[in-house]
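Please build the complex by placing chain B on the supplied structure of chain A, with the hints as guidance.
For the protein sequence lines, the chains are A and B, in the order given. For what it's worth, the numbering used here labels the leading residue of the first sequence as 1, then goes sequentially. For what it's worth, the numbering used here labels the leading residue of the second sequence as 1, then goes sequentially.
Incorrect hints may appear among the rest.
Put simply, identical chains are the same to the list, so a pair is met inside one copy or across any two.
As the list claims (entries may be wrong) - Derived lysine to aspartate or glutamate pairs resembling EDC-like cross-links, with alpha carbons at most 16 Å apart:
1. Lys229 <-> Asp65
2. Lys229 <-> Glu255
3. Lys265 <-> Glu25
4. Lys123 <-> Glu94
5. Lys229 <-> Asp61
6. Lys36 <-> Glu243
7. Lys233 <-> Asp61
8. Lys109 <-> Asp5
9. Lys233 <-> Asp65
10. Lys17 <-> Glu236
11. Lys199 <-> Asp82
12. Lys15 <-> Asp280
13. Lys134 <-> Asp281
14. Lys221 <-> Asp37
15. Lys17 <-> Asp306
16. Lys36 <-> Asp247
17. Lys221 <-> Asp201
18. Lys199 <-> Asp164
19. Lys134 <-> Asp164
20. Lys204 <-> Glu305
For the record, the hints were derived by calculation from the structure and aren't laboratory data.
2 protein chains.
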Amino acid sequence: MIDVDGIVRIIEERKAKTIGLQFPEGLKRQGPGIAKDVEARTGALVIVSGDPCYGACDIDDSLLDMVDVLFHFGHSRLMDDDRIVFIEYHHEVEVDTAIRNALPLLGQKVGIVTTVQHIHMLKRMEQLLIEAGKTPVIARGDSRITYPGQLLGCNFSATPAGVDTVLYVGSGNFHPMGAQLSTGVPVIAADPFTGEARKVDVEKIMRQRYALMAKAMDAKKWGIIIGTKTGQKRLELARRIKETAGDATLISIREITPDRLLSFKVDAYVSTVCPRVAIDDAGRFGVPVLTPVEFDIVKGLRKWEDLAFDEIKGE
Amino acid sequence: MIDVDGIVRIIEERKAKTIGLQFPEGLKRQGPGIAKDVEARTGALVIVSGDPCYGACDIDDSLLDMVDVLFHFGHSRLMDDDRIVFIEYHHEVEVDTAIRNALPLLGQKVGIVTTVQHIHMLKRMEQLLIEAGKTPVIARGDSRITYPGQLLGCNFSATPAGVDTVLYVGSGNFHPMGAQLSTGVPVIAADPFTGEARKVDVEKIMRQRYALMAKAMDAKKWGIIIGTKTGQKRLELARRIKETAGDATLISIREITPDRLLSFKVDAYVSTVCPRVAIDDAGRFGVPVLTPVEFDIVKGLRKWEDLAFDEIKGE
Chain A
1 MIDVDGIVRI IEERKAKTIG LQFPEGLKRQ GPGIAKDVEA RTGALVIVSG
51 DPCYGACDID DSLLDMVDVL FHFGHSRLMD DDRIVFIEYH HEVEVDTAIR
101 NALPLLGQKV GIVTTVQHIH MLKRMEQLLI EAGKTPVIAR GDSRITYPGQ
151 LLGCNFSATP AGVDTVLYVG SGNFHPMGAQ LSTGVPVIAA DPFTGEARKV
201 DVEKIMRQRY ALMAKAMDAK KWGIIIGTKT GQKRLELARR IKETAGDATL
251 ISIREITPDR LLSFKVDAYV STVCPRVAID DAGRFGVPVL TPVEFDIVKG
301 LRKWEDLAFD EIKGE
Chain B
1 MIDVDGIVRI IEERKAKTIG LQFPEGLKRQ GPGIAKDVEA RTGALVIVSG
51 DPCYGACDID DSLLDMVDVL FHFGHSRLMD DDRIVFIEYH HEVEVDTAIR
101 NALPLLGQKV GIVTTVQHIH MLKRMEQLLI EAGKTPVIAR GDSRITYPGQ
151 LLGCNFSATP AGVDTVLYVG SGNFHPMGAQ LSTGVPVIAA DPFTGEARKV
201 DVEKIMRQRY ALMAKAMDAK KWGIIIGTKT GQKRLELARR IKETAGDATL
251 ISIREITPDR LLSFKVDAYV STVCPRVAID DAGRFGVPVL TPVEFDIVKG
301 LRKWEDLAFD EIKGE
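The shape of chain A in the complex, shown without the other chains (with noise of 0.2 Å):
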C-alpha cells in the first residue's frame, strides 16, 4: 500500500505547488489514481512520469526540472537531491514457506540476500534460519546499497564470502545468478510469492554469453553504449573501452532499443549502462551485446573462466 498521507504532509511541509510522480512498471497503474487523491488534498498540480522506470538509478530528469518535489516510488534511496524523495513499496507477503522448502538444500553458514521489496522481512528470514540450527551472516554493502542483505541488479556486493551458501529470497533469476557468479557460492533462490525453493543454474546463461563473446571476438567496428541515465553515467569507463576497442565510436543512449542500435554500422556494442540491458534483452538484439567485463574477456584483459556479471560499483 502506497502512503498518501505521508505524501501530503511532505508536500504541505514544503509548500511544494507542481509535483511529480515517478513510478516502476508494475506500480504505474496507480499513477493517476494517486495523483487524482493527491490533487484532490492539497491543490497541488501532479504530474506522473510515463517513460519506463527501472530503479533508482533512472530518475526522470526532465520531469524532476518541472517539478518542486518528485516522488519515485518503488526502489530505495540511491543519490542524495533534496528534490526526490524516495518511497519504497514493501510487499506484504510472507517467507516462511519459501524458507522452510529452501532449508534441505541449504549448508551450516547461510549468507542471506534479497531485495527492496522484502528487506523488511530481514529479521524474520535471520530467525527461521536460527530456529533451524542454521549460522545466517548477514553483510553490509558498499555505498550504492541502503540496507544489509540487500541487493541490486547491478550491485552484488551484500552477499556474503565465506559462507556455505547463499540464501536469496525474492523472485526472478537475475540477482541470484548475480550472487552466485560474484562469490562462486552456490545460491539457492526462495520465492515468497510461489513458496517454492531451488537450487540457482547459472550454466544456460554462461553458454549464451560465451557465444556472444564468441561472436564479438570477429568485430572490426565497435559502439560503446553511455546510458544518459543519472545512476548509469559511466564516462570514464566508456571512455577506457574505447582505447581499447581500436575502432570505436562512443554512443549515449537513453533507452536501448533493437532499432537504435541498428541506426549504426557496427559489428559488436559494449553497454556501459544498467548491466542488465546487456543480458536480459540479448536475444532481441541482432549484434552481440557485451557487457564490460565480458569485452575485457574478448581483448584478453581477463580470463575466460572470470566470467561475472557488470557491477556498477559504490564506494
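Just chain B, lined up with the frame of chain A:
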C-alpha cells in the same frame, strides 16, 4: 554532404574537448565515420547521440550536458543556446522536373512552401513559376521559422494566404496536408526526388480523425501528455486542457509508444507534444490520441468543420 571542415574549425575556435553529434534518422549511419574523422583531426572526444531525433525541437539534453559543443544536424535553428550548433542538410536534387509537372495544376497566384532540405532552391522555384507566367508569393513565418517559405511539421505559418494555389516542394504528405488544412487553399505537392506532382488530398486523414474524435466523446478518464523535449513543452496548454477534461491525469513522456500509453488505464489521450505523433502513429495506439485542436472539438469549444492540424506557434 556534411561539411567536416566547418565542424573542425568551430571545435578549434572554441577549444572544445568533448563534442556531441546528433543526427536525424536518415543521417545517423554517417555518425561513426564523421566522429572518427573529427576525433582524428581535433583530438576531441566525440559522442554520437543514439536516441531518435525528429527535429530541432528534439535536442538531446542529456548529451548536451556531457559535452562542450553539440552539433545538431539536418534541421534549422529553433532555439538560442550557444552550446548548440545547428548544421542544416540541403539535398542536392534539382526541382525543375517536379515543378514543370506541377504547372498544369496551379492557379495564377501561387504560394510557395518547402522544407529546409530544399530551401536553398527557393529562388529557383520562384524563377520557374515566373518563367511560366505565374505570380509566385513567398511569405515569412512566425519566430519559430528560420526562412521565408519554410514549413515545419508543427508550423505552417509561412503558408501564404490570398493565393489561388499553394505549391509545396518536398516529399511526404504531412507538410502539404497541414498547409492545406491551415489555409483552406488547395495544395499541389511537387516531389523533387520522384519528379512527380499531385493534388493533395486531405479527405482520408480527416475521416480518420473524425472517427477518433467520435470515439473519444465517450471517454471518462483522460491522460494529457506533456512532452519533455526542449521545443515541445507546452505545460500551460496541458494545464488548460486538464481543467476542461474533468477526470484527467497529466503524464510526461519523452518518446510516445503504444506500450507506454497502455501503462495507464485511461480511455483517451490528448497529446501536447509534437503534433505529428497523434496523427502519424494513430494506427499503433489502442486508444484515441487527440491533438489539442481535436480535443476542443470533442468538448464543443471548436466547431467540427474547423478541424486543422495542431501547430506549435512562435511569436
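Which numbered hints turn out to be false for this structure?
8, 11, 12, 13, 15, 17
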